[in-house]
Amino acid sequence: MVSLARKNLLHDRTRFVITVSGVAFAVTLVLVQVGLFMGLLDKATVTIRNAEADVWVTSHQTPNVDFAHAFPETTVLRVRGVPGVARADNLIIAFMNIQLPSGAEEGCLVYALDDFAGWNLPWKVNEGQVADLGRGRYMFMDRSAVRRFGPFSVGDYREVLGRRFKIIGTTSEAASFTTAPIVFMDYGNAQELSQVLQGKTSYILVKAAPGADPQAVAAAIRRVVPYNDVYTKAEWAQRSRSYWVVSTGLGMNMGVTVFLGILVGIVVVAQTLYTSAVEHMKEFGTVKAIGGSNWDIYRILGEQALIAATVGFAVGGVISWALRPAMATLHLNVLVSPSFAAAVFVGTLLMCLGAALFSFRRVAGIDPALVFRS
Amino acid sequence: MKKVLEARGVVKVFEEGSQKVEVLRGVSMEVSAGEVVALEGPSGSGKTTLLSILGCILTPTRGEVTVAGETIDPSRPSQLRDVRRRSIGFVFQQYNLFPALTALENVEYALNVKGRTGRGAHDEAESALVRVGLADRMHFLPRDLSGGQKQRVAIARALAGSPEVLLADEPTANLDSVVGASVLELFRDLAKRESKGLLIVTHDPKVRDIADRVVGIRDGRLAA
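So the sequence lines, in the order shown, correspond to chains A and B. According to my numbering, the first sequence holds residues 2 to 375 in order. According to my numbering, the second sequence holds residues 6 to 229 in order.
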């Protein structure tokens, strides 16, 4: 079968390049922008996903994992008594100032536990033994801190809130949405650093007993700690994500970006397809004169839109993929899941078909008698 | 001879605002299988309108048209399209080839529109081009063909699908006299050999030489 759509599209290469460029621009904009957003959101929940806790107990109205509020650490005793709870431990997460060799002070996010290994925190250790954290004023620092704190190595000392801590290990992938580097230290050491944390904790991590339903365990804990909030792992991750999406306006910003990307794509594709349709009016008249219907012409325009969408998506996808290393050098993670890429592809097809509808209206009224006009 | 095209009392009135213009005033004519008819007339005489009605592109205001034995019902646009697809082959003054398609693809695409696809359509398109003497130009784009060659491709396209009626609108208007004459000869031979009814609308006196019959039209009426 001869494809007049494909032949016409490729016959005018300049127009084809413009059409594909428009689609590729829209696809790249959406993939990179939303991919960056997803990468940021991934940081917002990375510790929740990696910690081996089925249920999180937080202070009332804690908006996300980084912005913790303190509550009495003895609450954990009530939680441990709830049926279905296999284990419950206090976890401190708090922003603290760290003094750099230059004399400057920076903020870091301290994670403090009695037994890190029992909760799979930190989950990627490069150097050192996590079990040694409880043996003195020691800490682990994530490698990503180099960007904010400058070079450091195991054996170096840093002051946290005026107390000297020895770096005895390093980690990877421990990141916060706020970009504050993450430091791991012993629970008791963290409490000593701040009056606010005396006798207090930020969270209670809960492991459900084998076979117990985390939802049911969370519900049971809620009954014994009415002044706290209790979430399953999935609920807590969702709440942390939602905070950054809704409260900061980032979600709206992404929405506007995606909308603009789609708008640009539609305008470019609609414009080029429409111009092409107008220029091929006599050809479409010929199609009708030799027995073709409006649907034959719609099929031509639709096929052109689908070709432009597919090629444009491929080009946009390659550009987005090629941008990842450049983004990585800026410590930006472009996270594009297969399902998101598939959704963008379907969206691109719909966008281009939608753009072709403008041309449908123009060609619907073609009079085949125009073939007799010279 | 079997009549393949008939018009009986065809009237066509165009309305332009409050004005009514009667372009055809009771035209009756017929074309038989294997017959070549030339339709001559000055500009504005109604010959293109008559060709459009006979080609099922326009419908008459009054009167009746029969193509390949099928009487046209003006209230059924899908029938007009079906008859065009099945029974009529067109050749236009400007050739109206698809610039992005090769000669072979131009003919094959017309067959696709007529519902024929695959190897059969490809082979039939090749055969049509061989019959018009373009076996060595099948894979050329229209821009690489001369005017006479383009018109031969258009004739091959009109022949593809074996319609019973061929309608040509000024087929030699853009060709020099020598090429025009050879195209007309070819057209006539093919119409005769394949028993097509061929109606040629023209100003070109050479068409008289190849036509079996010449019909004149003036002011919307056939001249005696």
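Since the hints were made in silico from the structure, they are not lab data. There could be a bad hint or two in this list.
Here are the simulated distance ranges between beta carbons [stated by the list, open to error]: (1) A/V279 / B/K8: 36 to 44 Å; (2) A/R300 / B/S187: 36 to 44 Å; (3) A/R300 / B/Q24: 35 to 43 Å; (4) A/G366 / B/V183: 35 to 43 Å; (5) A/V279 / B/R124: 56 to 64 Å; (6) A/N51 / B/G123: 32 to 40 Å; (7) B/R124 / A/L350: 50 to 58 Å; (8) B/G74 / A/T311: 18 to 26 Å; (9) A/K283 / B/S48: 17 to 25 Å; (10) A/R300 / B/A140: 53 to 61 Å; (11) A/V279 / B/K211: 35 to 43 Å; (12) A/A343 / B/V16: 56 to 64 Å.
Glycine included, C-beta positions come from ideal geometry on N, C-alpha and C.
Hint check for B/S48 and A/K283 - Cβ pair distance inside 17 to 25 Å: Holds, since A/K283 and B/S48 (Cβ atoms, about 21 Å apart) stay within the stated range.
A/N51 versus B/G123 beta-carbon gap, inside 32 to 40 Å or not: Taking Cβ atoms as reference, A/N51 and B/G123 lie about 58 Å apart, which means the hint is violated.
Hint check for B/K211 and A/V279 - Cβ pair distance inside 35 to 43 Å: holds, 37 Å
B/V183 and A/G366 - C-beta distance against the hinted 35 to 43 Å: holds, 41 Å
C-beta pair A/R300, B/A140: status relative to the range 53 to 61 Å that was hinted: violated, 31 Å
Whether the CB-CB distance between A/R300 and B/S187 falls inside 36 to 44 Å: Hint holds: Cβ distance 37 Å, inside 36 to 44 Å.
Distance restraint hint 36 to 44 Å, applied to the beta-carbon atoms of A/V279 and B/K8: Distance hint for A/V279, B/K8 holds at roughly 41 Å.
Hint check for A/T311 and B/G74 - Cβ pair distance inside 18 to 26 Å: violated, 46 Å
35 to 43 Å as the expected CB spacing between B/Q24 and A/R300, which holds or is violated: holds, 39 Å
Outcome for the supplied range 56 to 64 Å, where the beta carbon pair is A/A343 and B/V16: holds, 60 Å
Distance restraint hint 56 to 64 Å, applied to the beta-carbon atoms of A/V279 and B/R124: Cβ of A/V279 to Cβ of B/R124: about 35 Å, so the range 56 to 64 Å is violated.
50 to 58 Å as the expected CB spacing between A/L350 and B/R124, which holds or is violated: Once the Cβ atoms are compared, 31 Å apart, the range 50 to 58 Å for A/L350 and B/R124 is violated.
Of the numbered hints listed earlier, those contradicted by the structure are 5, 6, 7, 8 and 10.
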